[in-house]
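K.L.:
So the protein sequences, as listed, match chains A, B and C.
My numbering numbers the first residue of the first sequence as 117 and each following residue consecutively.
My numbering numbers the first residue of the second sequence as 305 and each following residue consecutively.
My numbering numbers the first residue of the third sequence as 131 and each following residue consecutively.
Since the hints were derived computationally from the structure, they do not count as laboratory data.
There's no promise every hint is true.
Claimed, not checked - The following label-pair restraints were derived from C-beta to C-beta distances: (1) C:TYR359 to A:ILE431: 48 to 58 Å; (2) A:ARG356 to B:VAL631: 49 to 59 Å; (3) A:ALA226 to B:LYS690: 28 to 38 Å; (4) C:ARG459 to A:LEU323: 32 to 42 Å.
Quick caveat: nothing in here was measured; it's all calculated off a predicted structure.
Every residue, glycine too, gets a C-beta built ideally from N, C-alpha and C.
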Amino acid sequence: MSPRVTRLVLGLAAPLLALVAAFAITSLVLIIAGDPVGGVWSTILQVPAERNMANIINNATVLYLSGLAVAVGFRMNLFNIGVDGQYRVAAFTAAVVAGEAWLPGYLNTALAIVCAMAVGAAWAGIAGVLRATRGVSEVISTIMLNFIATGLVAYLLRKVAVREAGSNEIGTKQIPEGSRIPSIPFSDNPAISLYGFLVIAAFFGFLFWFVLNKTRFGFDLRATGQSTTAAVASGINVTRMTIGALLISGAIAGLVGLPILFGDAYAYGSTFQSGLGFAGIAIALLGRNHPIGIAVGALLFAFLDEQSNPLQIIIGVSPDIVAITQGVIVLTVVISYEVVRRYGVRLEQRHVAAALEKHDPAGPASPTDSTTKGVSA
Amino acid sequence: MSTPAQAPAAPPAGEAPLAVRLRGIGKRFPGVIANDDVNIDVRRGTIHAIVGENGAGKSTLMKILYGVQAPDSGTIELGGEQVSLASPADAIKHGVGMVFQHFMLADNLTVLENVVLGAEKLHGIGGDARAEITRISDAYGLGIEPDHLVESLGVGARQRVEILKVLYRGARVIILDEPTAVLVPQEVDELFDNLRGLKAEGLAVIFISHKLDEVLSVADEVTVIRRGTTVRTVDPVGVTARQLAELMVGSELPSPSTEASTVTDKVLLHVAHLSLPSDEGRPLLDDISFDIHKGEVLGIAGVEGNGQAELVESIMGMRKGATGDVVLNGRDLSTTSTRGRREGGIGYIPEDRHRHGLLLDAPLWENRVLGHQTREPSASRGLIDKGAARADTQRIIDEYDVRTPGVDTLARALSGGNQQKLIVGREMAGAPILLVAAHPTRGVDVGAQGAIWAHIKKARREGLAVLLISADLDELIGLSDRIEVILRGRLVGSFDPSHVTPQQLGSAMTGARDETATPTTDTPTSGETA
Amino acid sequence: MSDKVGVIVPDAKAAPKKPRRKLSVGWVLIGLAVALFLLSVLRVVTGADDLTSSGTIAATLIATMPIMLAGLGGLWSERAGVVNIGLEGMMILGTWGAGYFGYHYGAWAAVVGAILMGMLGGLIHAIATVIFGVDHIISGVAINIIALGAVQYLASLTFVGLPGGGQTQSPKIPDVPTLTIGPLSDGLKDIEDQGTFLVSDLASVLRALVTNLSSLVLISLLLLVVTYYVLWRTSFGLRLRSVGESPAAAESLGVKVLRYKFAAVLISGGLAGLAGGFLAMVASSNYRDGQTGGRGYIGLAAMIFGNWRPGGLLGGSALFGYTETLGLRQGGTSVHALLLAIAVLALAFGVWQVRKGEAVAGAVVVGLGALLGALYLSIDEVPGDFTRMTPYVITLLVLAFASQRLRMPAADGQIYRKGSAG
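Pulled out of the complex, with its shape left as it was, chain A reads as follows:
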């Protein structure tokens, strides 16, 4: 096998190993608690109905963006735990901007999306600046910024909120019909459809791949993530890259709440979904910071969430059991990637040794051979 094929096979083996381990551990928990293991898995693993399928894809869209946002940071060895705060500040901003409808139709939508990205970027940028200029760990600062975001949004929401008719909930003004993102039909039943934002999410996934793998900026970012010291020696401005990476991560985080906002809720209220940022961390790890992998991870998490819903009704088991599975996946995936990575390095070293043996029967350690071969060339 060529090294690339080997790496691909190993790359697939790792998450599979992790999933098997996570399912095993979850089963163990179920057995200890005395819940029916078989019933739980057969409920979760049944083929989803059309409606559930649509829900899975829609939730996956949201989780995908969250995973992408975290992955940008990971690629540079930065830990953006603050996606949670970033997307809520951003979604709130977008809801206010879109609700005010200063521009007509989709211009309004576009403006709101840009504002969301800018606000998300700025919120993450605080952590970036603190890290780059004051050496403050982005882990701690983004955690703190999450809570500050919670307070800030709650306060501002109360300032601008309108009370929805017949409900105690408060929210921003409804986004006008013309600025909502149309949904994608998914079945004959018009009530079952996909977020139109799916297309935008996929576009950002492609952009992520393109920028990271094809552009100089992406190369710099990855190089910095692999070795800060080598990056500095190669002429990369690490300070600028740190701030840049967190700005981009925050900008993508700014998109996380928007599929819901423009495709479902049409306003930001006090019950707007929270906690999506932490799922993003798990999904980025599972998907190995690769846009395709993240998509698979997001679908898996959304699948588990959706399929566990009827557990309570059908067999009387709390659906929260899948949260244990999801959390365990985070651990097993990291462990199995590390195990597989070490195995891969050993394999490759052996491969190199074998290839050189063939190529040069004298063996690689012989001191006298071809010391001048390179010079004459």
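Here the structure of chain A is known, so what remains is to put chains B and C in place on it, guided by the hints.
P.N.:
Same frame as chain A, but now just chains B and C:
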């Protein structure tokens, strides 16, 4: 390199009882034989030096003796009793103590805490321990205050804390791994006085070094290790540094030979008044000025830690706070970024290829792009040109004889020599006009060493200016057209390599100048070298 | 002996450091006294009486303890070099443990149950980080996810159908004994009610300490002292700290690095679990879903604020607990009064910094002080949302402007593999 070869008369080697007896020690790592059939006897009340080149297996041997690693074969006897050492704790129990080259001290703990750590049972962690530390410190003249934070101590004091740690545990055998590498000459003298004090108390001191003058001045016996095995044990009285060196390197070392000078009058690199303060304001570099001409190799000699790394990184623009002029081919780069300097025509072979030269977990072709992200053929218009980068990586692999199955292999999987050849090939690919090479052959096999030397000579012939930093005096003398000596951040002497002796350089490097040296600071001797 | 090349001259830097490490708990007591004095002045100036009422003090005590216990958990773990952002999850596990064991086996079983459940979280963190070498942050995030799911799962498994229990809450947990010294309490109340400057304030503090004082508060404070003693005065503590400062050095001296890290993380989990138990038993009277409300993170913040030292941690917890309390009780006006104090302090600190030569940081702080002063004059009440943000904002500011004073364990967060010595 203190006073030469007047060690106090050693007790005749045959009399004192054996403290350490190693027989047939062997240790293999995947693909490397670190030790093979090592046999050493160390007697009480002696200083026993173990010398060998970098990578000869000295450190592995000492880790085995200190229980950090287990030998694959062979026996260890301590005080006549055969032991097996599974951990440092075992070694300590058997009276073996080790002073590591990189100090094993926790900065944020006090001297007392560092010393008693792991040996709390002896005297507790309070007043008794403090009294014992003071007693030992006074007895051996170490001058250690138990309640200072280690963070606040200088290098020499830290080393004395390390020695105190070992003594506190009642060690009878003390291993010092390259203890002088980080010291300035006065501190070396003080250390040697301390060691002689230990010897007088009947301790066995094992002293690892590759600095032969030091070894000859302090040791009672010298064991030479080459390629993982003991070559011979000699009495330092009656052996010269030259003879020791021959034992160390054997006869296979390809010696760099000087060629006809290619130095021209055109100044390519002009460095003037380059200074760099440390965080505490101490000068790391102090008013350094020199020129390098087209076709000239300027070698920088010096004991490690005297500003070489800082000089290189300041020229590369990697150090904030550096002041002074760096002018490349008439273009002032003093305020330019590292990337700008590289684009301006500087190739850079860093000292530590794993930290600064490579992305170990990236394929070779990506490593080819590293440092050349902005230039053809790696990139065009902000995009990485993967095809061209791969093709050019293959060219480097062929031309520079990098032993690898292909361009997709991870850099980590290559041997050190092949990694280094890839780096040399990459840096030459950018068509540089100045090559900054820091220890270009450190830790590479002999074959790769010869190849890299040949490449540097070829580059010089083609009109490159080369700044060569090396700890290997033979390399410096063989490759350089001129040698500047750096000491405590200052250039202290300029030598013509065709006339200089290692002894002259050595004295300049340690600040102990003798009359035979002819320092000609700031006067480039361009054009005249043979 | 010459120290010519020494990076730092020994006496210059060691001297100011030594007294600080010896007096840390003492300094905090002095600090608390000063804080009381300032609050007393503030109370008299602004007339916000609730600033130092015994009710406020008692509530502060109860709000402080979970934060402090979580912070202690963080301290144990990070002193051994393992970053623990799983504190929140371990606290969550503790709340369920208190609810379950408390209902079935009584008050003290609740305490033990909370500790054991926290230790279970610690065990996962220890296995992941110490044995498998998983990144500490990732493991912490995973534990927070697992713990949240686990308690929700466990709650619906164990509390549904019990009297007062359900999917989101446990039945009532029996109380641990409380301490009241009746006559003293009444006497102090009289003094407090007089409203005399400083005397009444002191009386209200003492009264809070002798009226309905939960034994868990005493235990928590005792644990702080025990932590200080064990970590700084015993060889076990020395080894544990050495593992967090320089594991390679520790291993080279025969310290079993991984074993100490493992133990530290387990203890950390136990303390965090107890913090959760405290929330369920003292701050409330049963397990409730979402009870921790991010206090694990506040504990982490308090630990950073306290510069990884028990005394500082107590100060940080008290500060955060106090603001939390003010936010809950008639909130607005008290916090509003506090704004004035902070503005004045910030101005003074900023001027001091400028005079010390740190012009930029000083100017920023002065600006901040002026802004707060202006805010004080322009509004009448601080919204509760901002009160709740206070701990996080303070921590960010401390990190941004005083990070050079912070000294975290040198090997904190680094993954250590056996055999790295030498």
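K.L.:
Hints broken by the structure, by number, lowest first?
P.N.:
Hints 2, 4 contradicted; others consistent.
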